[in-house]
Amino acid sequence: MVQSVNSALSNMLEKDENIILFGEDIGYFGGVFRTSDGLQKKFGKHRVFDSPLSEGGIAATAFGMGINGLRPVVEIQFADYIFPAYDQIVNEIAKVRHRSGGEFWCPVTFRTPAGGGIRGGHHHSQSPESQFTHTPGLKVVYCSTPYNSKGLLISAIESNDPVIFFEPKRCYRGPFYGDPHNVPTWKNHPESEVPESHYKIPLGQARVAMEGNDCTVIAWGTMVHVAEQAIKDSGLSCDLIDLQTLIPWDKETIINSVKKTGRCVIVHEAPKTSGFGSELAASIQERCFYSLESPIIRVAGWDTPFPHTTEWDYMPSPPRIAAAIKKTQEE
Amino acid sequence: MSTEEREDIPLHIPDAPFRPGDIPVFEEWTWTPQDLTKPDIECDADETYDHSRGLIRVLDDEGMASGEWDPKLTYSELLQGLKHMVRLRIFDDRMMKMQRTGKLSFYMQSLGEECIAIAQTMALNEQDWIFPTYRQPGAQFVRGRSMVSMICHCIGNVEDNVKGRQMPVHYTYKEGRYISVSSPVGTQFSQAVGVAMASKYKKLDEVTITWIGEGASAEGDYHYGLNFASVFKAPVILNVVNNHWAISTHYNVASGSANFASRGLAYGIPCFRVDGNDFLALYSVTKWARERANSGLGATHIEILTYRAGAHSSSDDPSRYRPSNEHEFWPGGDPIERLKQHLIKNYEWSEDRHLELEKDIDEEVIVAYKEAIKYGDLANGPYPSSDTIFTEVYEKVPWHLQEQWDEMKKWSVD
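In order, the protein sequences belong to chains P and H.
When you line the first sequence up against my numbering, it's residues 1 to 331, in that order.
When you line the second sequence up against my numbering, it's residues 1 to 414, in that order.
Chain H on its own, in the form it takes in the complex (with noise of 0.2 Å):
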């Protein structure tokens, strides 16, 4: 048996629309906050189409909020909001730096999705569970962890409180129900299905929140996760995070579809897609999800439109593949600017409040520097100690490992 050959079937091989040297041209968002309804949580999944198809905003383009998502936040909840996004881009900033000059192995920065994590974990009660990826840090802010014990983790010291063995920004908060952070991308995304039907078979009033990146969805891990959540209703928010690139990958290669949003439908899991920098929009549609879970409904399958507006790590150099400039072009600008100009334009906010903030939170994040790197950092020790190769392997040593323990201290280098 052959197969004639035919010139006119070529395979399609997709790629990123710009690449460096080419001037980025975004499609004009026409969306406004008026498009889209707010539905009863109890509804099917069939009618929140258009909401997977358009995009759920509440802040437009002036700052000002409107529409049936508005969550009608007081000031200081807003305000609180915008203080933990500046916290966690001035944080960041400092990591970075630290990263270059070797205290650090590695640092990933949040930049441009600082509202994402913040605004959503806001939302929720605070018995729920948070299962990340490694750029929603933010979470921790909400939950009250110290910037002194993220440091200590990201430098590797002493007081790390995962002793050295992940790499940084792999944090774990256990006080703050935020999962251990793995670099294999999108494996979470199942597990916290799990966890939410543990919450339900223990009859918990909690739900489980997880993230994936658009390119991690590609992984089997996003899939089990949607179909596990259908078939057992489990109390989960199940967002997809797309900020357009996978390191060097753009979402044109992550799926031959540039929405990610419907692919819930199918599953009969209500979809919205919304915009990744709008403060407001995102806590409104988590609330909604909130709400529809813990009233034994099931998930809510949530794209979050954004533009990833830094490097992948301080190991990734986006210039060699994208337009350097290509964040400035995002329409959906800068979640911090944006919720900024809403405070200025109704509340007592201004420029000059703003300034007074900034400076306070980088004299807040140098004093918390200080204080970490008295415990030590990783281009000058001390680090946890060796034994911690072999502690919290098993419950208990087992003989071979112990043997394994004792070689390693002839030879220690610590």
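Same shape as in the complex, but just chain P (with noise of 0.2 Å):
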């Protein structure tokens, strides 16, 4: 997946020179995680920067660079320092196209790795994607896999409207199925293949990963992997729907979904009040009442800071999920 988004920013600079990559360690270097590795040496330090180390300084700029025709897509080195930068984007880049009635607006990407199970601790792990989707003027994407990190991040780039774009850093090197002890690389997966030139993956659209009859599972991220492990380990035949995009969410896919099923799981590694699943069970519910053949659950992060050492008892697991799917087959 670093290879894929990689390969995405440097199809969008080629395609369009207003387009400019700045962020804590992403010049030289290439990046803590090497997304933008290369990208300087091919496309010149004007092109591709490091920034101070100042999330709110990379935000505020980024609104003045949008509002002045450039295409910025920054990098928060880390999900969990974007709080700095959340002031400049909650109230300045999200709404100005609202509060100056269309006349100035800012396509700014906002790229971030999130999520947890590198042993990162509170502040390497967090996934704080419903602090954004509560946002109004944001869209939100997370990425789970090589192809759709680069068809969406594509999206995100030409997007007219600024967009948090979240990638699950366990996934970066390969899949994660929730074993700590067993991590593939993206070698041999089908979502690994990914063409070298410019395709868009539209913002809205979930991808459904595997399809089944007994009950609709959401997810988004790493869970996504981790969900269909669980799916396979319940030994049912469920739709697997990968979000992608949270903001706007793919209505059609979901309520087709679960109208089939009558029951549904949402996973997400966020704590679990408030978390996106929420905003989805609420909808659900409300769209799809008379399918519902039993209550929807959410399997969530606890509503704890996320731990170090006992990061796996936090993050929901397989066995977690399959009970859950199982649950929704007892009413």
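Fair warning: there could be bad hints in the mix.
In silico lysine-lysine, DSBU-like type, Cα no more than 30 Å apart, as pairs [stated by the list, open to error]:
(1) H:Lys38 to H:Lys233
(2) H:Lys83 to H:Lys72
(3) H:Lys409 to P:Lys272
(4) H:Lys83 to H:Lys38
(5) P:Lys326 to H:Lys410
(6) P:Lys232 to H:Lys409
(7) H:Lys396 to P:Lys272
(8) P:Lys232 to P:Lys327
(9) P:Lys327 to H:Lys410
(10) H:Lys174 to H:Lys202
(11) P:Lys251 to P:Lys232
(12) H:Lys409 to P:Lys326
(13) H:Lys200 to H:Lys174
(14) P:Lys260 to P:Lys232
(15) P:Lys272 to P:Lys260
(16) P:Lys272 to H:Lys410
(17) H:Lys410 to H:Lys174
(18) H:Lys202 to P:Lys327
(19) P:Lys272 to P:Lys95
(20) H:Lys396 to H:Lys202
(21) P:Lys187 to P:Lys15
(22) H:Lys410 to P:Lys232
A few chain H residues that don't get close to chain P, going by computed Cβ distances all over 12 Å [claimed, not checked]:
(23) Glu4
(24) Asp8
(25) Arg53
(26) Ser76
(27) Lys83
(28) Ser146
(29) Arg353
(30) Ile361
These are calculated hints, taken from the structure and not from any lab test.
Even for Gly, the Cβ is constructed at its ideal location relative to N, Cα and C.
Taking the hints as your guide, dock the two standalone chains into a single complex.
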């Protein structure tokens, strides 16, 4: 996935000279996760450069650049570090189109590695998507595979709205099926084939990763793979929907699936309370109430800070998710 | 409305002066211990202009101490400082080795910067508060923390006082008034000012010291801290450690000016730039700042000029972005070597005694390590109970969290 993100950035830098990349350690070094490796050398340091260590400054200057005709793609080194930029994102970037009567807008993309499973403790593991889905004016994307990371990132960059683009850092080098002692690479995964050329996955479109009739399982980021394992372990046949875009989310795919299966489990790493699962659960029951055979279940991170040594007891695991899927069959 | 294009005004993009393959050339140090006077603690900020532009030194290149800033420490005080620095270096070395075997997830060493927290904490009183970054763990040695307790934290075992919640090196040591280290850089800097304001509000005889890297001084917290300290004359010592590198980012990208010290002058705060590998100069400047703070005159802003000799962390490979031997060219040398030379030239110290000291400390570290791993390590456990995920989130556990706690117990893998 590191290469596919890099490839998306490279295609876009080539395509549009108004696109510039900046962020902490992303220039000469190529980023702490190597996602911009080689791009400064290829496109020049005026296109791809290091910024001061200042997330608030990165967001504010991205706002200004966006207003003045550029299309900045900035990196926040870890999603946990996005909060100094929160005011600029939430109060400024998200609202400028509306508050200026449509006269100004800011087509900035914030890329940020998110999620746990790397022994990162409180501050290198969080998954703060719902802090942004709650902000009108932002699009929120969460990729999960090499193929969708590239197609979604290109769409995000080409979007004229600001986009918060989460990359599950646990999956940069391979999918994660919930077993920290057995972590494969992307080799041989069906979503690891990534065209070199420009392609797009439209924002707002989910991916049906598995098909089945017993239950609809919705997940994003790392949890797509953990849920896949859980479905296999459950012995049931499920639709696994990789949401991909959280705002705006794919209403058709989800509603059609829940109407078909009548049961639904939503999985995310972020804390349960006010997590995006709550929004989905509420919307699904509003739209599919008479199709539901059992209550919608959320399997999520606990409402606690993300731990260091005990992270496998924090993140939703295949057994927890499988038990929830089975529980939906009881009613 | 449209604007004409002009080719001659490109955006300035700064870069590091040397990259892999280059031979680094640092500007020759012309600063001497005689350069700068020691101002009265009641001085105006403007009187420290030269001190913010020059470099306060006590130890010269030959290891001799002189000048107005010489703190005239006793042999036993100097030896204590040396021992703590050697202790930290050997401790770091052992932890890096343990990290490579998976006994801890991550590590950050203080290589080349051991002097800073140790000299400065020694210059404080024991009731003074410490708001460190991850590169000032040495302060804990000065405050008497046991090495076993520090290792237990780093390897996240059942004796870790923060219960396996934080990454290694994110120490908390309340007994030593050493606040819990947080990964988001810079946040401690302005918090320290609040601690100092509270000390004054409560009329307590205590000051607060804090540090921030030159890289993190680009964060808002740094500027909030300076401003609040200035407005409320808080008894705080505000240090910017300029070690040249914030991961791969050279200080040229942190600021458009190569001088960090003088930023405080505009806030009306006295400013010093000090040789960060000179134990005596650091001690002396800190003593001065403590005295000023404790006299109700407010903060002092100090740039500590040094060089990060090691990697940013165990996850970093600096040979990708800087000449791998760049630290050998640093004119400030090595802090341990410099104090050692000073002791050899002026006291009963010798290379042999130094080797003996290293041997003793190596033994001390091995004993502590063996004791610590009895309580588990990250590779093998046992870990703190997974119940610690739920405790101390709130003072009392609310119902919704209790429900989740009960649910977690069904699935716990610990």
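(request) May I ask you to check that H:Ser146 keeps its beta-carbon over 12 Å from the closest beta-carbon of chain P? (result) Holds, because the least Cβ-Cβ distance between H:Ser146 and chain P comes to about 20 Å, which exceeds 12 Å.
(message) What's the verdict on P:Lys232 and H:Lys409, does the C-alpha distance respect the 30 Å limit or exceed it?
(response) OK: P:Lys232 and H:Lys409 at ~23 Å, within 30 Å.
(request) Quickly compare the C-alpha distance for P:Lys187 and P:Lys15 to 30 Å and report which way the hint goes. (result) Holds - the C-alpha atoms of P:Lys15 and P:Lys187 are around 29 Å apart, at most 30 Å.
(request) Starting from P:Lys260, check that the Cα of P:Lys232 is at most 30 Å away, please. (result) Distance of about 20 Å is within 30 Å: holds.
(message) Run the distance test for P:Lys232 versus P:Lys327: straight-line Cα separation, threshold 30 Å.
(response) It holds: about 15 Å lies between the C-alpha atoms, which stays within 30 Å.
(request) Take the C-alpha atoms of H:Lys410 and P:Lys232, compute the straight-line distance between them, and say whether it is at most 30 Å. (result) holds (21 Å)
(message) Next pair to validate is P:Lys326 with H:Lys410; report whether the Cα-Cα distance is within 30 Å.
(response) holds (15 Å)
(message) Tell me if the straight-line CA distance from H:Lys202 to P:Lys327 falls inside 30 Å.
(response) violated (57 Å)
(request) Assess, step by step, whether the Cα of H:Lys410 is no farther than 30 Å from the Cα of H:Lys174, and give holds or violated. (result) With a Cα-Cα distance of about 34 Å, the restraint between H:Lys410 and H:Lys174 is violated, given a limit of 30 Å.
(message) Just to be careful, I want the Cα atoms of H:Lys83 and H:Lys38 compared with a cutoff of 30 Å; is the pair within it?
(response) At roughly 28 Å apart (the allowed maximum being 30 Å), H:Lys38 and H:Lys83 satisfy the hint.
(message) For H:Arg353, is the shortest CB-to-CB distance to chain P above 12 Å, so the non-interface label stands?
(response) For H:Arg353, whose nearest Cβ neighbour in chain P is about 41 Å away, the distance exceeds 12 Å, so it holds.
(request) Decide if the proposed pair is consistent with the structure: H:Lys396 and H:Lys202, CA atoms, cutoff 30 Å inclusive. (result) holds (28 Å)
Hints 17, 18 from the list above are not met by this structure, while the remaining hints are.
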